[in-house]
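Each chain is listed here by its residues.
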Amino acid sequence: MNTTQKPIMEIKDLRFIYPGAAQPTLKGNNLTIYENQITAMIGPSGCGKSTLLRALNRIHDLYPGCKYDGEILLRSNTTGEMNDILKLRKENEFIKLRQQVGMIFQKPTPFPMSIYDNVAYGLRLSGIKNKGELDGRIEKALKEAAIWDEVKNRLNDSAMGMSGGQQQRLCIARSVALKPKVLLFDEPTSALDPISTAAIEELISELKKDVTVVIVTHNMQQASRLSDYTTFMYLGDIIEFGPTEEVFLNPREKLTEDYITGRFG
Amino acid sequence: MGGRLFKDFSLFSATLSLFLLIGIFAVLFSYAQASLHEFGFNFLYMEQWEIGEDDEGGVFGGYIPIIGTLLTTLIAMVIATPLAMGIAIFLTEIAPAAIIKPFSIAIELLAAIPSIIYGMWGLFYFAPIVQTLFGGNGVGLLTAGIVLAIMIIPFMAAITRDSMNTAPDVLKESAYAIGATKFEVIKDIVMPYSKGGIIGSVILALGRALGETMAVAFLIGSVMAIPQKITDPTTSIPVLLANNFAEAQDLEMSSMYYLALILFVVSFALISMAKVYFMRKR
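Order-wise, the sequence lines are chains A and B.
Under my numbering, the first residue of the first sequence carries the number 1, and numbering increases by one thereafter.
Under my numbering, the first residue of the second sequence carries the number 266, and numbering increases by one thereafter.
None of these hints come from the bench; they were simulated from the model.
Be a bit skeptical, because a hint or two may be false.
Claimed, not checked - What follows is a list of derived Cβ distance ranges for each label pair:
id, chain 1, residue 1, chain 2, residue 2, range
1, B, 435, A, 22, 21 to 29 Å
2, B, 313, A, 129, 55 to 63 Å
3, A, 160, B, 494, 48 to 56 Å
4, A, 64, B, 494, 48 to 56 Å
5, B, 394, A, 161, 30 to 38 Å
Beta carbons: idealized from backbone N, C-alpha and C, even for Gly.
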């Protein structure tokens, strides 16, 4: 493990229970997310990987009754300190958190507005009103999401008319525009065809220059191609975490090996 | 064989609705002929509704009931629309899970109450309140408009709530994920997403308010006079039709068909406008 890499998020003994559930979905997870690295979360359905991902920007809190226990630390831009995001309570604190820790979903989720306004939306919410600045940030974000050339002549068209792959890149542009520290991807290519998937994967590899990426995926090839670190989860526990090469070529745990070689899952 | 039968049956059902529409229009139009010939389009501006000597002929104009219908409907819509939106937003986005169910059931039950009950309640309980607050005789435009609003609110709220519920969670989550507040998600995601359903519910409610007879008959005063104040009594198209049908003959009857035709055309035009609006938007 390279010692120069700095942790940007640290998850300490995290337990999580959905409202009304008898068993916790996460049973005391420990994990470090390294800055400007891609961390993949793999594991069979129901292992808790999406639940863990959704805890990292507290999107669970949109629904009442979820219970957390433990700590999720996020490094502050200004002080460099690690602050516990589970201590946040107010709506404006959540907003700041989610602007720093963005999220891309399984299915593309363009808003029912124009391509331009989709990207402008988050920027306007964060207080940017100046047209020139908006234009600049939007162009930059669309370029970073590798979709500028396809949409530059139709920025005022509805985003609903784009293909699935384009919509997903638009959603990435929308998040990137806010200059987040961390981007969470929840199976971002599972609804896309192979060509769009390849484009998104290439984009994610490019993005890691600027942001830290955490990606949940069902696709083990994708995890091994894309990520620097891999976490294998099973039944709410983190079974193994390490550099992707080690996890895939030389797993420490029998369970990891069985999953990766396709013996279950 | 079964498939063929089913196909024919569904074709028949679908065609039937079209023929009913045309048939009703044709009946209204032909029965209104005498009045149409006598008064033409002036009917729309004439204020008299007077039967001639010996029940022969007379002068009939639709101005007062038309104005009465439009004003009661307007009052009802102005009151009902914001309240219904508020209820729908509360039930879809704000209310805690435990109270959504009882509230929704209450609203659906309110929508199911027969209009005559609203009329009686309005006349005996609500009209005196309006009288104390705003003056007038109790019955009149304002009372009719408010009770009409109360009648269409549950209807509008229920349809709006259903269409707001179709806004996908993941779309709302993605707005929250880029830092939107609850208010911004409602305003920028939920409302635009369910715009079609919202406008649809407003138009359906409008149609119901325009044609409502029983409740308004209790509350509007049924007086053939142009209202000078909002609390004045007047009449509306359906109320005039219901009150006069039993005795009307010849030209008066034909004039009532003329009024019915106007109501039909206005309702039809409203819904067509809404359809055209939606098609252009999509």
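Against the structure, the hints:
Judged by the Cβ atoms, the range 21 to 29 Å given for residue 435(B) and residue 22(A) holds: they are separated by roughly 26 Å. Range check, residue 313(B) to residue 129(A): Cβ separation about 60 Å, and the 55 to 63 Å hint holds. Between residue 160(A) and residue 494(B) the C-beta distance comes to about 49 Å, which sits within the given range of 48 to 56 Å. Distance hint check: the CB atoms of residue 64(A) and residue 494(B) are about 49 Å apart, consistent with the given range 48 to 56 Å.
Hint check: residue 394(B) to residue 161(A), Cβ distance near 53 Å, so the stated range 30 to 38 Å is violated.
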